[in-house]
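Student: Knowing the structure of chain G, use the given hints to seat chain P on it.
In order, the protein sequence lines correspond to chains G and P. The first sequence begins at 328 in our numbering and counts up by one. The second sequence begins at 328 in our numbering and counts up by one.
Hints may be right or wrong, so weigh each one.
Just so you know, same-sequence chains aren't split out, so a pair can sit in one copy or run between any two.
[Claimed, not checked] Subject to a maximum C-alpha distance of 35 Å in a straight line, what follows is the list of computed DSBU-like cross-link-like pairs (lysine-lysine):
hint	residue 1	residue 2
1	330	421
2	582	366
3	582	512
4	446	658
5	479	362
6	349	446
7	718	656
8	656	331
9	580	547
10	547	663
11	556	579
12	439	362
13	366	656
14	330	656
15	497	380
16	447	556
17	349	450
18	705	582
19	702	658
20	582	350
21	708	556
22	497	479
23	330	450
24	547	512
25	579	349
26	375	726
27	439	330
28	580	478
29	349	660
30	330	579
Hints are computed from structural coordinates only; laboratory data are not their basis.
The residues making up each chain are set out below.
Protein chains: 2
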Amino acid sequence: MLKKIGLIGLGTVGESVLRSLKKHAAIICQRTSIKLEVKKICDTNRAKNKLAKDLSLAFTTNPNDLINDPEIDIIVELIGGIEPAKSIIMECLKNGKSVVTANKALLADSGKQIFNLAKKNNKSVGFEASVCGAIPIIKTISEGLVSCDVKKIYGILNGTTNYVLDKMLKENIDFNTALKEAQDKGLAEKNPFLDIEGMDAHHKLCILSYLCYGVWPLSKNVYTEGIAKIGLIDILYAEELNYRIKLLAIAKKEKDCLELRVHPTLIPIDHPLAQVSLAYNAVYLDTDPAGELLFYGEGAGGVPTSSSVISDIVGIVSGNCGFIRGESKIKIKNIKDTVGRYYIRCMAQDRPGVLAEVSKILASLNISVASVTQKEKKDSKFVPIIMITHKAVEDNIRKAISRIDKLNMVQIPSQVIRIEDL
Amino acid sequence: MLKKIGLIGLGTVGESVLRSLKKHAAIICQRTSIKLEVKKICDTNRAKNKLAKDLSLAFTTNPNDLINDPEIDIIVELIGGIEPAKSIIMECLKNGKSVVTANKALLADSGKQIFNLAKKNNKSVGFEASVCGAIPIIKTISEGLVSCDVKKIYGILNGTTNYVLDKMLKENIDFNTALKEAQDKGLAEKNPFLDIEGMDAHHKLCILSYLCYGVWPLSKNVYTEGIAKIGLIDILYAEELNYRIKLLAIAKKEKDCLELRVHPTLIPIDHPLAQVSLAYNAVYLDTDPAGELLFYGEGAGGVPTSSSVISDIVGIVSGNCGFIRGESKIKIKNIKDTVGRYYIRCMAQDRPGVLAEVSKILASLNISVASVTQKEKKDSKFVPIIMITHKAVEDNIRKAISRIDKLNMVQIPSQVIRIEDL
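Chain G extracted, bound-state conformation:
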């Protein structure tokens, strides 16, 4: 069976898809009897023309040349960003073409609209490459775990931030040095905002929320905090307490509401997620009936991601449309109402009574302290006080910190990092 593909966007992933399709054509055909042919390529950058020519493929700068080509069955969109990607995908679906995309930002923004249109037109949208690069997590959740109630998700969904945190720990360097290293290695963008501030993980969590719970959350309802404020000092103190700091995307389902949040998190050092190093991604799921599962692999990069794009193409061609799942209504919990344990680092002047004042504030807000370590710092006028709390309501923690930071003897804002005892 021969199927023709149109490819829009010839960046790192697009180029790798072309090369992988060529290199692995025999394997694909032997396994599925499907032959895939890229008929036309579209990119705004005429320089990409050369690559298309080298591979003897037709090239255009106008996406409509692909959308209106009756011979093309599937369009692969790899340009990223909201527009023109959104208009292109909507046009494809209206025009009776299925779509494969790696565009997490677009799905997080307009997934509801896109999947509704696909359903109406009886077409498919493959989006395996939009979450965790090479890990087939979308297929795993939507098909492999089709009967499962996903109670909890803990995901390391962004390779850049994991790389930065890992390097800070392993090389004893600060955030900016580690980020610079990631940029030099091509693991972070020149403008690393989307990654560092947690927005990339946020987009992916929105997609997992749809898959697992049938909910496309509003962006503002998914609390998101990046890693820029994490100090090497916190990473080292966490290790002393047998915790490791990871940027986690978290979902927790309770009876009638859902927690969705992205933030740096202290996790037990012996949990498999704590061992995920460099730019690798991993998703840990707690499910019923399949129990606890972990999926680990490369989360980005053109070559690995091409595997997911091709899997989607083959799936659509072979009539396995995945499941466009029904939407459900479930309330998303405000971060202020969540309950958890916290790591708090206050930088206080080394004067009698500091600990007493801080403890009084915490107690007044019903926050119970599980452990305190006061560090001696000979070269600084501020002394770090590290506290691990018992379970407390986030809103109370915020109030406490606000009061603590107003104390005369506390002059640097306190650091607060959430703990998950997974």
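Tutor: Showing chain P alone in chain G's frame:
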């Protein structure tokens, strides 16, 4: 869409499938619009009748009552073993019914015949539950990684042996005590031969070989060695050398041949596979283009495994027949011709010249030693000499050990364990 199922074999998994189908009916329907109904149950044990009655289901002791029921679309076989399971599955396929099975022993033995018959009759055989319980590894490899060349597989495919090895290490106990503990916890059978001797992992490796390489190997061509000979002493020495001992199922593809083997293996202590504890399973894949991947979860138990059985049923009902892949011809390498590094423990009398004699034998067979540790043992007349070799041919290692064990000063057979520097 309502589909009717016949269930043969009401053991731990069968019962859990019934319960999960009931408990998660709403989730399945919301995600897929499919309603699944178990119409009839077959088990030779009439006592199971009660459970069927409690769930108000028809019960029979004759599988033909299900096979010949025109209303039943899919038969789930969960009795295990070769016969009568094989005859039942063949009858089902001939009778136009698709089959879901968890029967690894049967597939390893007769997979070729069964898949050929399924292909001929245009029916599906779902076998997700046959490898790694709840981990959707079959779907992942056959669909999620459809374009991938799987260069290497390292799998912890048997929970019982992983539990025993993990307990020996963590509780400092010997093999028999750990095995007894596993039996007491229901994690090992009363007759644990299939698990302990590596045959269960062997069966699963045969299935992965078909999936990844299109080869159903003859059983005798898959070298298999269990964990009964692993001493606590080896586990502890391995740790000192920064290795952990795991029972691994290994596949390696070279240009024109395939290595398939199951044996205890020293792996680097910081590799994610070394962290797989208790009865968990994990599969590590080295692929092109998807790179390195690891999948981790519960490998056995009725409740987790029911997730895989249901995923197969839903897949078949929704017309996603998986891929019955073409067979390929690739030679399986004899274990004697494989090349690797080895851990060797000789128990020698503490007399001058032992190390010289042993070294001479190794050198004569072109085996180069990377490290030697001679342990002082005050309470024993034998002194362990622990050697880690550089890369050597297995056949030479065997010859060397045979000669070493004939030395007068070596009276206990030497221990040899393969190393994988993954």
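Student: Now look at each hint and say whether the structure bears it out.
Tutor: Okay, the hints, checked on the actual structure:
1. In the homo-oligomer, the alpha carbons of residue 330 and residue 421 lie at most 35 Å apart both inside one protomer (19 Å) and across protomers (32 Å), since each shortest distance falls under that limit.
2. In the homo-oligomer, the alpha carbons of residue 582 and residue 366 lie at most 35 Å apart only across protomers (31 Å), although the nearest pairing inside one protomer, at 49 Å, exceeds that limit.
3. When the C-alpha separation of residue 582 and residue 512 is checked against a cutoff of 35 Å, the pair qualifies only between copies, where the shortest distance is 32 Å, while the shortest distance within a copy is 44 Å.
4. In this assembly of identical chains, the alpha carbons of residue 446 and residue 658 lie at most 35 Å apart only when taken from the same copy (24 Å versus 47 Å across copies).
5. Proximity of residue 479 to residue 362 under the C-alpha cut-off of 35 Å is restricted to the inter-copy arrangement: shortest distance 26 Å between copies versus 39 Å within a copy.
6. Taking the closest pair of Cα atoms, residue 349 and residue 446 come within 35 Å of each other both inside a single copy (31 Å) and across two copies (28 Å).
7. With identical chains, the CA atoms of residue 718 and residue 656 are at most 35 Å apart within one copy only, with a shortest distance of 28 Å there and 59 Å across copies.
8. Taking the closest pair of Cα atoms, residue 656 and residue 331 come within 35 Å of each other only across two copies (30 Å); inside a single copy the shortest separation is 39 Å, beyond that limit.
9. Taking CA atoms no more than 35 Å apart as the test, residue 580 paired with residue 547 passes inside one copy only; the shortest distance there is 18 Å, against 49 Å between copies.
10. Taking identical chains as interchangeable, the C-alpha atoms of residue 547 and residue 663 lie at most 35 Å apart only when both belong to the same chain, with a minimum of 13 Å there against 62 Å between chains.
11. Taking the closest pair of Cα atoms, residue 556 and residue 579 come within 35 Å of each other only inside a single copy of the chain (25 Å); across copies the shortest separation is 44 Å, beyond that limit.
12. When the C-alpha separation of residue 439 and residue 362 is checked against a cutoff of 35 Å, the pair qualifies both within a copy, at 32 Å, and between copies, at 25 Å.
13. In this assembly of identical chains, the alpha carbons of residue 366 and residue 656 lie at most 35 Å apart only when taken from different copies (33 Å versus 42 Å within one copy).
14. Proximity of residue 330 and residue 656 under a CA criterion of 35 Å is satisfied inter-copy only: 27 Å between copies versus 38 Å inside one chain copy.
15. Taking the shortest Cα distances, residue 497 and residue 380 never come within 35 Å of each other, neither inside one copy (45 Å) nor across copies (60 Å).
16. In the homo-oligomer, the alpha carbons of residue 447 and residue 556 never lie at most 35 Å apart, since the shortest distance is 45 Å inside one protomer and 62 Å across protomers.
17. For the identical chains of this complex, residue 349 and residue 450 are neighbours both inside a copy (26 Å) and across copies (31 Å), given an alpha-carbon limit of 35 Å.
18. Proximity of residue 705 to residue 582 under the C-alpha cut-off of 35 Å is found in neither arrangement, the shortest distances being 50 Å within a copy and 62 Å between copies.
19. Taking the shortest alpha-carbon separations for residue 702 and residue 658, neither the intra-copy value of 42 Å nor the inter-copy value of 63 Å comes in at or below 35 Å.
20. In the homo-oligomer, the alpha carbons of residue 582 and residue 350 lie at most 35 Å apart only across protomers (15 Å), although the nearest pairing inside one protomer, at 48 Å, exceeds that limit.
21. Proximity of residue 708 and residue 556 under a CA criterion of 35 Å is satisfied intra-copy only: 21 Å inside one chain copy versus 61 Å between copies.
22. Within a single copy, residue 497 and residue 479 get their C-alpha atoms as close as 29 Å, and across copies as close as 28 Å, so both meet the 35 Å cut-off.
23. Taking the closest pair of Cα atoms, residue 330 and residue 450 come within 35 Å of each other both inside a single copy (15 Å) and across two copies (24 Å).
24. For the homomeric pair residue 547 and residue 512, the shortest alpha-carbon distance inside one copy (32 Å) is at most 35 Å, but the shortest distance between copies (48 Å) is not.
25. In this assembly of identical chains, the alpha carbons of residue 579 and residue 349 lie at most 35 Å apart only when taken from different copies (23 Å versus 42 Å within one copy).
26. Taking CA atoms no more than 35 Å apart as the test, residue 375 paired with residue 726 passes in neither setting, with 55 Å inside one copy and 59 Å between copies.
27. Taking the shortest alpha-carbon separations for residue 439 and residue 330, both the intra-copy value of 28 Å and the inter-copy value of 29 Å come in at or below 35 Å.
28. For the identical chains of this complex, residue 580 and residue 478 are intra-copy neighbours only, at 5 Å inside a copy versus 38 Å across copies, given an alpha-carbon limit of 35 Å.
29. Only between protomers do residue 349 and residue 660 lie at most 35 Å apart by alpha-carbon distance; the minimum there is 29 Å, versus 47 Å within a single protomer.
30. For a Cα distance limit of 35 Å, the shortest separation of residue 330 from residue 579 across copies, 32 Å, qualifies, whereas the shortest one inside one copy, 41 Å, does not.
In this structure, the hints that do not hold are numbers 15, 16, 18, 19, 26, in rising order.
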